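Peer 1: Residue-level listing of the chains:
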Amino acid sequence: KNQVEQSPQSLIILEGKNCTLQCNYTVSPFSNLRWYKQDTGRGPVSLTIMTFSENTKSNGRYTATLDADTKQSSLHITASQLSDSASYICVVSAQAAGNKLTFGGGTRVLVKP
Amino acid sequence: DTAVSQTPKYLVTQMGNDKSIKCEQNLGHDTMYWYKQDSKKFLKIMFSYNNKELIINETVPNRFSPKSPDKAHLNLHINSLELGDSAVYFCASSQEGNSNTEAFFGQGTRLTVV
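Just so you know, the protein sequences line up as chains P and C, in that order. In terms of the working numbering, the first sequence opens at residue 288 and continues consecutively. In terms of the working numbering, the second sequence opens at residue -8 and continues consecutively.
Just so you know, the hints here were simulated from the structure itself, not pulled from any lab data. Since we're looking at a predicted model, the values are computed, not measured. Worth double-checking, as some hints may not be accurate.
Said to hold, decoys possible - Which residues of chain C face chain P? A partial, calculated answer using Cβ under 8 Å:
#, residue
1, K32
2, F33
3, L34
4, I36
5, S39
6, I47
7, F81
8, E93
9, A94
10, F96
11, G97
12, Q98
13, G99
Unchecked claim - Counterexamples of contact, computed for chain C against chain P with all Cβ distances above 12 Å:
#, residue
14, M6
15, G7
16, K10
17, G19
18, V51
19, K58
20, A63
21, H64
22, N70
23, S71
24, G75
25, S77
What the hints assert, rightly or not - Partial pick of chain P residues on the chain C-facing surface, computed with a CB cut under 10 Å:
#, residue
26, S374
27, V378
28, S380
29, K387
30, L388
31, F390
32, G391
33, G392
34, R395
Glycine included, each C-beta is placed from N, C-alpha and C at the ideal position.
The following block holds chain P by itself, in its conformation from the complex (with noise of 0.2 Å):
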């Protein structure tokens, strides 16, 4: 079964401050794979795309990382913002009809100034 787990389930960290997400997956055959923002009571929105042949890729102070070897992907945040404080959602997209997602659970960061 297609599944994707992500850790910790929270965090509170002090703005200004770094911070990494995980996420594991068992996903097959794998796509690609995507970290997601959703701000509450809003809808996920892209941060970052990778497919199996890419390392490594950044958007602005958020950086993703995949090693399709061992299935694990991080999100790393770096200087946080206020802003950033937000769900993060690693995707898996499996090649199947209809490009199928499977969603972790998220990742609920609090930046506190």
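Assemble the complex: chain P is given as a structure, and chain C must be docked to it using the hints.
Peer 2: Just chain C, lined up with the frame of chain P:
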């Protein structure tokens, strides 16, 4: 311009009622989805439509019936609403066949069944 729009944003209704949620995308995508986000914030796919045809139908009660009049619309009709149907429902769209495509999500519809 809103890429994926769904209405209403909030819906409060009594058990047993029938309700519909509408979704429209102006991105020219050929695939649309409905997701349910429960109280634990897990997003689970319910349906996927490609070019108006049902592609994915996860284990969802048959009280839920999606309808796609055209590629740009995917509406969700729910019969005989139950308390457990309370959740946030997200519509999304993407372009199939492009492995790098992303799914664009609507703002969500918060359904509360009382």
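Peer 1: State for each hint whether it applies.
Peer 2: Tested hints:
| no. | hint | in the structure |
| --- | --- | --- |
| 1 | K32 | 5 Å, holds |
| 2 | F33 | 5 Å, holds |
| 3 | L34 | 4 Å, holds |
| 4 | I36 | 7 Å, holds |
| 5 | S39 | 4 Å, holds |
| 6 | I47 | 5 Å, holds |
| 7 | F81 | 6 Å, holds |
| 8 | E93 | 4 Å, holds |
| 9 | A94 | 6 Å, holds |
| 10 | F96 | 3 Å, holds |
| 11 | G97 | 5 Å, holds |
| 12 | Q98 | 5 Å, holds |
| 13 | G99 | 5 Å, holds |
| 14 | M6 | 25 Å, holds |
| 15 | G7 | 28 Å, holds |
| 16 | K10 | 20 Å, holds |
| 17 | G19 | 16 Å, holds |
| 18 | V51 | 15 Å, holds |
| 19 | K58 | 17 Å, holds |
| 20 | A63 | 17 Å, holds |
| 21 | H64 | 17 Å, holds |
| 22 | N70 | 25 Å, holds |
| 23 | S71 | 27 Å, holds |
| 24 | G75 | 19 Å, holds |
| 25 | S77 | 16 Å, holds |
| 26 | S374 | 6 Å, holds |
| 27 | V378 | 8 Å, holds |
| 28 | S380 | 7 Å, holds |
| 29 | K387 | 6 Å, holds |
| 30 | L388 | 6 Å, holds |
| 31 | F390 | 4 Å, holds |
| 32 | G391 | 9 Å, holds |
| 33 | G392 | 5 Å, holds |
| 34 | R395 | 8 Å, holds |
The structure agrees with every numbered hint stated previously.
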